[in-house]
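Asks: Sequence:
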Amino acid sequence: MLKRKHLYWTSCAAYCLDLCLEDIRKKPSIAKVLDEPKKANCFIYNHIQTVDLMKKYTQGKQIL
Numbered sequence: 106m107l108k109r110k111h112l113y114w115t116s117c118a119a120y121c122l123d124l125c126l127e128d129i130r131k132k133p134s135i136a137k138v139l140d141e142p143k144k145a146n147c148f149i150y151n152h153i154q155t156v157d158l159m160k161k162y163t164q165g166k167q168i169l
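When we follow my numbering, the leftmost residue of the sequence shown carries the number 106, and every step to the right adds one.
Just so you know, not all the hints are guaranteed correct.
Computed spacing ranges between beta-carbons, pair by pair [as the list claims (entries may be wrong)]:
1. T115 to H152: 24 to 34 Å
2. A136 to V156: 22 to 32 Å
3. L124 to H152: 29 to 39 Å
Distance condition first, Cα-Cα at most 20 Å in a straight line; then the derived EDC-like pairs of lysine to aspartate or glutamate [stated by the list, open to error]:
4. K137 to E127
5. K131 to E141
6. K143 to D128
7. K132 to D157
8. K144 to D157
9. K143 to D157
Calculated from the structure, these hints are not laboratory results.
These figures come from a predicted structure and were not determined experimentally.
Even for Gly, the Cβ is constructed at its ideal location relative to N, Cα and C.
Generate coordinates for the entire structure from the input sequences, incorporating the hints supplied.
Replies: Put into structure tokens, the structure is as follows:
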């Protein structure tokens with residue numbers, strides 16, 4: 106930086122947003138809201154019979 110004084114350091118907006126969202130995710134109330142659907146999604150996709158039922162009632166659509 107000392108050699109090239111005309112260059113400026115700028116932060117990446119996507120990285121800053123990612124850091125903000127990680128901090129928000131750590132709040133207990135937000136974590137609960139995000140974890141419950143994640144558990145349901147894992148349950149559905151880890152059991153083939155449940156996947157078949159889901160496909161039957163959603164006309165083959167994914168829930169993601």
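Asks: When the hints from earlier in the document are held up against this structure, which numbers fail?
Replies: 1, 7
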